[in-house]
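Model the full structure from these sequences, guided by the hints.
Top line first, the protein sequences correspond to chains A and B.
For what it's worth, the numbering used here labels the leading residue of the first sequence as 19, then goes sequentially.
For what it's worth, the numbering used here labels the leading residue of the second sequence as -13, then goes sequentially.
Source of the hints: derived by calculation from the structure; they are not laboratory data.
One should not assume that every hint holds.
[Said to hold, decoys possible] Computed list of lysine-lysine pairs in DSS-like fashion (alpha-carbon distance at most 27 Å, straight line):
| hint | chain 1 | residue 1 | chain 2 | residue 2 |
| --- | --- | --- | --- | --- |
| 1 | B | K55 | A | K258 |
| 2 | B | K55 | A | K176 |
| 3 | B | K166 | B | K55 |
| 4 | B | K94 | B | K115 |
| 5 | A | K20 | B | K94 |
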Amino acid sequence: MKMLLMQCRVEMLRIIRNPYYVFWSLLMPIVFYFIFTKIVNTGIDNAEAWQAHYLMSMTTFSVMGSAVMTVGIRMVQEQTLGWAVYMRITPLPGSIYFISKMFGQTVMHAFSVIVIFIAGFLINGVHMSIGQWIGSGLWILIASIPFLALGTLFGTMKRVDTASGVSNIAYMLMAVLGGMWMPIDSFPSVLQTIGKWLPSYNYGAGVWSIAAGNAPDLKPMLILAGYLFLFMVLSMYIRKKQEAV
Amino acid sequence: MENIAELQHVSKIFSGKKAVDDVSFVIPRGSVTAVLGPNGAGKTTVLSMMLGLREPSLGSVRIFGQSPKHAQVKRRIGAMLQEVSVIDGLKVHEVMSLIRSYYPSPLKLSEMVHLAGFTPEELNKRADKLSGGQKRRLGFALALAGNPDLLFFDEPTVGLDAPARKAFWQQADELADRGKTILFSTHYLQEAEDTADRILLFNKGKIAADGTPDEIVSRLTSRSVSFIADMTGDDSYAADEMIHRMRSVPGVRDCKEQEGRWVVTADNTDTVLAAIFRYNIPARDIRTGQGRLDDAFEIMVSADHDKEAVS
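Written out as structure tokens, the structure is:
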């Protein structure tokens, strides 16, 4: 237990000290939020609903980013620096190492959610019930698990450059096509069809429902669970193959 | 004496090539063993199998009588790996506290700081910002974090300057005096000779020789007698005559002139001396000598190359 706490604390320290985290996960989403609700889309009908919707888009955008990018790139880094090998000769069980990584990451996500929600409240006075705020936050944290799994999948790559390149592209494509930057309804129908099957759209869809005052549908949950399963199996399979040497 | 580690008929095959080929040895408690050999001899592969990082293709590796992957084994070992391992985003003292927390009875943080010889400023630096030498010192302190009984150092002094190297071996000697069992790999032959009480000489995945540094030297190097010969009269005839006579002495391998001195290499220097007096060779300034381990090592490796060239 002491090991787990220490390990979690360390993982969080490492994330918060990473300038990329502060920039990509906190600053960027808030700046985007400001631009797209204050400057670009002013004069829209039902502005209040849009402001709440877009706040959720930006929060999911932030958390998805740090889940995919931080986890994956960090794992590759630890592999290339030899740190991952070193950990294997210490008595720290691999499971605790992994759990505390995921847990530390989730705590940082909770921090991002709180910061961005507060920013939304301060910038636009976004108004939701307590239940909606908490529900949205919980959805964002729990439904981020498939993206953590995707991060570990990118984490099996050999080089930091490849991992950061690939995860960057995947992240941006998922964000745009999944309707996190602009609503998916404004896309051509082909892109809409593709987008609706992406994990990012389904991640957003659940929390958009909550922000609109409805319960999330079953469909996004099932699709996200499917992706979680797929990413986990793939990443475990690749890792097994690499360790077999 | 209790055996700390035991390898039995261990082989490791990488894509059809034998990196380690049927290696067996035991490491007794309190010994300091050097795993010596040229690059690619299989030293690091042997160490990584002993550390549980790689699985032997054949044979068994037991540390403290258990599999190296056992948590109980990991609590009692410490290692400096060849790759300099650093974690990013943490300060030096944070890394030390972190690694300490993994072990049941770790060293005090102050002891680790002392071992690494870090100043307070260095302790507050980010670990990934340290210089190569500082990272090594951190790695050394981390290897000792759990107060281990068995220590592995894989090429510990590569890239260190002479004073740092000396300081490292001084610390290793102190550890050995405190009864720690130490296994290190090196291709600095001098280090193996000076620090270890036993050398496992590796070549092409096999143990080429196993013994004390003295034994290895005497097994692999020939002794020699050198002298200055005052030849009078017909020099060339006397020299030919002498070469002929010396070469017919049993155990003598060669007799030739080097930089004004005659050098006779032989298994036994006493018989050479006897021959010198028997044949009334006008020798003065007679010296006997023995090749150093460095030379022995060169001889072994190059002899091996020759064989390859022939076959």
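Cross-check of the supplied hints:
1. K55(B) - K258(A): 16 Å, holds
2. K55(B) - K176(A): 24 Å, holds
3. K166(B) - K55(B): Distance ~21 Å between K166(B) and K55(B) Cα, so the pair holds.
4. K94(B) - K115(B): 24 Å, holds
5. K20(A) - K94(B): Cα-Cα ~17 Å, so holds.
When each numbered hint is compared with the structure, no violation occurs for any of them.
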